[in-house]
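2 protein chains.
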Amino acid sequence: MQSNLSTDFSCPIIGYIKSPFADKFAVPRQSGLAPSAISQICFYKPYSDPKAFIALEGFSHLHLIFFFDKIEKEETFRAMVRPPRLGGNQHVGVFASRSPFRPSRIGLSVVELVEIKKHDGEISLFVSGADLVDGTPILDIKPYIPFVDAKPYAKGGFATEKPPLKQVIFKEGVRLKLKSLNTRELKAIEEILAQDPRPAYKAGTEDVKLYRAQLYNFEIVFSFHGDTVLVEDVLQLKA
Amino acid sequence: MQSNLSTDFSCPIIGYIKSPFADKFAVPRQSGLAPSAISQICFYKPYSDPKAFIALEGFSHLHLIFFFDKIEKEETFRAMVRPPRLGGNQHVGVFASRSPFRPSRIGLSVVELVEIKKHDGEISLFVSGADLVDGTPILDIKPYIPFVDAKPYAKGGFATEKPPLKQVIFKEGVRLKLKSLNTRELKAIEEILAQDPRPAYKAGTEDVKLYRAQLYNFEIVFSFHGDTVLVEDVLQLKA
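Protein sequences appear in the order of chains A and B. Each residue of the first sequence is one higher than the one before, starting from 1 at the first, in the working numbering. Each residue of the second sequence is one higher than the one before, starting from 1 at the first, in the working numbering.
Check each hint, because a few of them may be wrong.
All copies of an identical chain are treated as equivalent in the list; a pair is satisfied when it fits inside any one copy or across any two copies.
Pairs of lysine-lysine residues, derived as DSS-like cross-links and limited to a Cα-Cα distance of at most 30 Å, are as follows [claimed, not checked]: (1) K118 with K171; (2) K117 with K155; (3) K18 with K177; (4) K118 with K51.
No wet-lab data here; the hints were simulated from the structure.
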């Protein structure tokens, strides 16, 4: 039997995420890599109804299904992508990747559920380890069911283990400029920079460039020195 | 920052699944519960391009993102559902469930990748353990990355372990009527019936009803006797 649907699929956008990542640059390349980064999922009405979240507190993890809205809709299908993990110069099939440059522009991330908050009769969720740009539209939230979803012995192709981490150090006096952040937010910034957010082809090379990432309400200015990331300066963004 | 999208999300349907489940009734309630059930994912052009699947062979498992197209689009949002696992009479929030009756009508399943087949220059995928009705439209295929997606110690709320299995026996002579099926297909039928596909509220009660499930090209007629499923008859469906 062949599906009789030849048209597009459509569904409502149920909410959006508030994350520390104001910009695509420096978003962790998978979920869970910066566990101290807490994001808030806000729901539009009527999806914010507390009844829709009854029994969710029994689950420790969630699947977020979201819309990579920062990616332009392609006019022609691109069959291959260059994952950053492979140095950004090797092609693999788009369906062998988690690249946002895919026909559906649907993203999938597993996050940890930290808190279910009720405010003015509406629910929002606080989650840890999300890899979504601030404002990303949410299409669905599903509970993570370990006996169904956890395949710890699965073969992970070209993505078999976590990428190596850099050490993060701050230039003298610079950390003080972040004193409005709490300990967890500071730790999140370190986790994010430790991932080495540069384009992958830069990683093995001599690199004298200054990079800038927008995290929380700060612009973080940093450079690379072997296995170390040096935070050179921090600028407060307007609220 | 709030998403500036108030409209619906849309994306192309990239293919469809050929599964043993001609009908909603008797589809396993989660993926992986009937591992012998092999399904084929067929792609529309241009998504069937073999280039789009380069390096997929290194992954043992996939996420299928699909459209529950047998579910009517609801005019009003239903905040609560009654999962079969809870006996079908207890309500939980829709976002605490994997119910198809959800705003997005998007489904998510983890399946095992069995074979990547190339035929006439087009790719199709054979997968094991899918819980999709035959003909279900596919929106996306993503590789399963164990270090990101596998959370074996996650808390599973009201769905902490696999449902108990029934024993499946055939009335004398009935198994012979399935001789056109191979061993794996026969085993799949047993795995499917062992799940007890009845509406959950029936499970604990005296139940003299005859049930019918369409699997492969057969109608399977069965009844329940304590912890046993008795296959009473098998009828060949027209091809």
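To see whether the hints hold, each was checked on the structure:
1. K118 with K171: neither (40 Å within a copy, 55 Å between copies)
2. K117 with K155: between (37 Å within a copy, 19 Å between copies)
3. K18 with K177: within (23 Å within a copy, 58 Å between copies)
4. K118 with K51: Answer is within: at 11 Å inside a copy they meet the 30 Å cutoff, but 47 Å across does not.
Going down the numbered hints, you'll see the structure goes against just number 1.
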